[in-house]
Amino acid sequence: MVKRTSLSSNYAVAYAVKMADVDVIAAYPITPQTHIVEKLSEFIANGELDAEMIHVESEHSAMSATIGASAAGARVFTATASQGLELMHEILHIASGMRLPIVMAVASRALSPPINIWSDYSDIMNARDTGWIIYIVSSAQEAFDTIIQAYKLAENKEVLLPVMVAFDGFVLSHTFEAVDLPEEEEVRRFIPKQVTWYTLDPENPMTLGPLGPPEWYYEFKYQQVVALNKALEIAKQVDDEYGKVFGRKYGLVEPYRLDDAEIAIVAYGALASTAKAAVDEARKNGVKVGLLRLRLFRPSPVEEIAKYLENVKAVGVMDRAISFGAPYGGPVFADIMEALYMKGVDTLLSSFILGIGGRPMYLHDVLTVINKVKEIAESGRRTIETYYIGVRE
Amino acid sequence: MIEIRWHGRGGQGAVTASQVTAEAAIIEGKYAQAFPEFGAERRGAPVKAYTRIDEKPIYIRSPIVEPDIVVILDPSLLVSEPVLDGLKKNGWVIINSKKPVDEIRKTLGRSDVKIARVDADTIALQILKVPIVNTAMLGVLVKATQIVSLDSIIDAVSRRFSERIAKLNIEVVKKAYEEAEVSG
Amino acid sequence: MAKSSRYVPPPSTGWRKLPIGAVIPWPGNSEEYKTGSWRTLRPVIDQERCIRCAICWMYCPDAAIIELKQEYTTKAGRKYDKTYVVNYDYCKGCGICANECPVKAIKMEPEVK
Ligand code: SF4
Ligand code: SF4
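Chains as they are written, first to last, in the working numbering: chain P, 2 to 394; chain C, 323 to 506; chain W, 1205 to 1317.
Take the hints with a grain of salt, since some may be wrong.
Stated by the list, open to error - Within a straight-line C-alpha distance of at most 27 Å, the following computed BS3-like cross-link-like pairs (lysine-lysine) qualify:
1) P/Lys250 / C/Lys410
2) C/Lys378 / P/Lys289
3) W/Lys1283 / W/Lys1317
4) P/Lys289 / P/Lys250
5) P/Lys308 / P/Lys250
6) P/Lys308 / P/Lys373
7) C/Lys489 / P/Lys285
8) C/Lys378 / P/Lys250
9) C/Lys489 / P/Lys4
10) C/Lys410 / P/Lys4
11) P/Lys373 / P/Lys4
12) C/Lys411 / P/Lys4
13) P/Lys158 / W/Lys1311
14) C/Lys496 / P/Lys245
15) P/Lys289 / P/Lys158
16) W/Lys1221 / P/Lys222
17) C/Lys411 / P/Lys285
Treat the hints as calculated values from the structure; they're not laboratory data.
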């Protein structure tokens, strides 16, 4: 029986990890993620989860221990944010390069300096090219569901890659809302424990993580390219299967009121949720606007992006991170532009930056964006400006 | 959609109250959201928290600037914090105060809002033996506004706390519900 | 990938045929890699001088000193129940053994005379 309860995204993640019956958790506390690991410690202490909690001295060690445990055949989990993800960066590549199905939650947070514990997606954007699969979710329910999907995807034999599930620090991590929790049994049936990857086993010795000289290295990197591309297809399958069993599916991108839209905005994370309210509001005033929410950041769902944005006159991409020195705009803007250009979709693109370092993102901020996109559509002229919404002069 | 803004001081339980209210709405099959004003929490410092309740899914995730209801857990905040900012016309002020409603209205300087109050300090000290007034405020809130039923609040309180603590807090909720002075 | 132990994929192997993650599931295949070809000087043990202390055996970074259960009697009549020899398949010629030998029983001699 499904149990409706009220949980923050942090707690929703902890429940998902418990239901996934992980064997090893290695983590270092960092705001705004800490509640996840606290809750998991509680589950272990009261016997609801039979797992080993490794208290490490840094995030670098957290990921290293996670890799070790995964290489020994354990189902593993860790969580981090911000500076923690940065400190982990070196090891992120090792996790993906070694093809270990690690699942990590990231309560996204801005980077120092100045010190800032609030939400933006600078941390996630820096992890873009690490070879991880990266989801960005928009609600506590989706955080729960995506962690379960992440294990299924990561451990798929054709994928075998680590998965990050990111959500806004505080705005989602600390917000309580309704979450339907399925039966633990049902979750465990959906992601049965099968060791599908190469593991360390004294009975059957092998070498993990050896030297890859020039005559071998390239082939292994190409394998990762192929696996990440394959992950697009498998992620869709997993989402469909999940939908059949649990009654909720999300797609790799989520279109909102795009059917008859003349202009579109693109967003991810909590902002995409507020953006739905803004789209509703703008539509009341006769603006034919729709929203495309990006759920899977890596690998990039190029086909879906092109399909949903093909017929609009103008697209405004809202980024929660700054890509310093980039030719134009924010990091996801660059992705959308690349996808549309390569797919031959000709539309008027513009880039908007907002919600940096936890700056609140109000309905009117999104309405400002929608109005600007509408203006651009009406003028029919390409803009080369990146709009920093709400920055004080 | 009903939007509530909670004003308290670190340690009074404003954040918990915002969550219990959301949980009560969820128990009733409604949609709800509860979140604190994000930042480092310090005992005694002014804190804000927010609750949204609706019959439809709630998409908006920004802080509440034009609340329908403000709940003030500490009367001293009336002078130090802009607690009434953005409060809608005909909105509610739910306040922990020993003073009668008429006197409170004079201090607020707003004739276009409804007021409900209870002496939450005394109730909390009497029953809980600690000055944690959040559950007393829940009693006044539901009596005045009926955004959720008293039963749902009691249900949510019992889900939130351990059995012993829940029992005491339910007593607090009921007592505050009875003693609340409501001026529509 | 159930190749016999010590399999080494040929240099022409494409990405499809390689185990993912650069895993080497053929245990012990580093034995196929003969580091002996790196040598310019070779250690030669003087069995007469050697006092069987095993220091060279411990120090050799390539485990190229082998301890044999083989008796040896010196000209002076001293009896040993083991003998240390060099495995020239893997000895890289680093000279550590010669440096560490407490009785200077190991000499480094040119590979090509
Ligand atoms: S020369 Fe170096 S590699 Fe060769 S036996 Fe001596 S210590 Fe070992
Ligand atoms: S270190 Fe010298 S004396 Fe000792 S075992 Fe080796 S060769 Fe013999």
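Against the structure, the hints:
For the hint linking P/Lys250 to C/Lys410, the alpha-carbon distance of about 38 Å lies beyond 27 Å, and the restraint is violated. A threshold of 27 Å between alpha carbons decides the hint, and for C/Lys378 with P/Lys289 the separation of about 22 Å falls inside it, so the pair holds. With a CA separation close to 33 Å, the supplied pair W/Lys1283 and W/Lys1317 exceeds the 27 Å bound. For the suggested pair P/Lys289 and P/Lys250, the alpha carbons sit about 26 Å apart, so the restraint of at most 27 Å is met.
This hinted pair checks out: P/Lys308 and P/Lys250 have alpha carbons roughly 19 Å apart, not beyond 27 Å. A C-alpha spacing of about 23 Å is found between P/Lys308 and P/Lys373, which places the hinted pair at or below 27 Å, so the restraint holds. For the given pair, C/Lys489 sits about 47 Å from P/Lys285 by alpha-carbon distance, which is inconsistent with the 27 Å threshold. With a CA separation close to 19 Å, the supplied pair C/Lys378 and P/Lys250 stays within the 27 Å bound.
Our distance criterion of 27 Å between C-alpha atoms is met by C/Lys489 and P/Lys4, whose separation comes to about 23 Å. Proximity of C/Lys410 to P/Lys4 is assessed by CA-CA distance (about 35 Å); at most 27 Å being required, the pair is judged violated. Distance hint between P/Lys373 and P/Lys4 is unfulfilled; the C-alpha atoms sit about 43 Å from each other, more than 27 Å. At roughly 38 Å between alpha-carbon atoms, C/Lys411 and P/Lys4 are farther apart than 27 Å, so this suggested pair is violated.
For a cut-off of 27 Å, the pair hint linking P/Lys158 to W/Lys1311 is broken: about 54 Å separates their Cα positions. Simply put, C/Lys496 and P/Lys245 have alpha-carbon atoms about 44 Å apart, too far for the 27 Å limit, and the pair is violated. Simply put, P/Lys289 and P/Lys158 have alpha-carbon atoms about 43 Å apart, too far for the 27 Å limit, and the pair is violated. Taking the CA atoms of W/Lys1221 and P/Lys222, the gap is about 14 Å. The hint holds against a cut of 27 Å.
Only pairs whose Cα atoms come within 27 Å are accepted, and C/Lys411 paired with P/Lys285 is accepted, the gap being roughly 24 Å.
Against the hints set out earlier in the document, violations occur for numbers 1, 3, 7, 10, 11, 12, 13, 14, 15.
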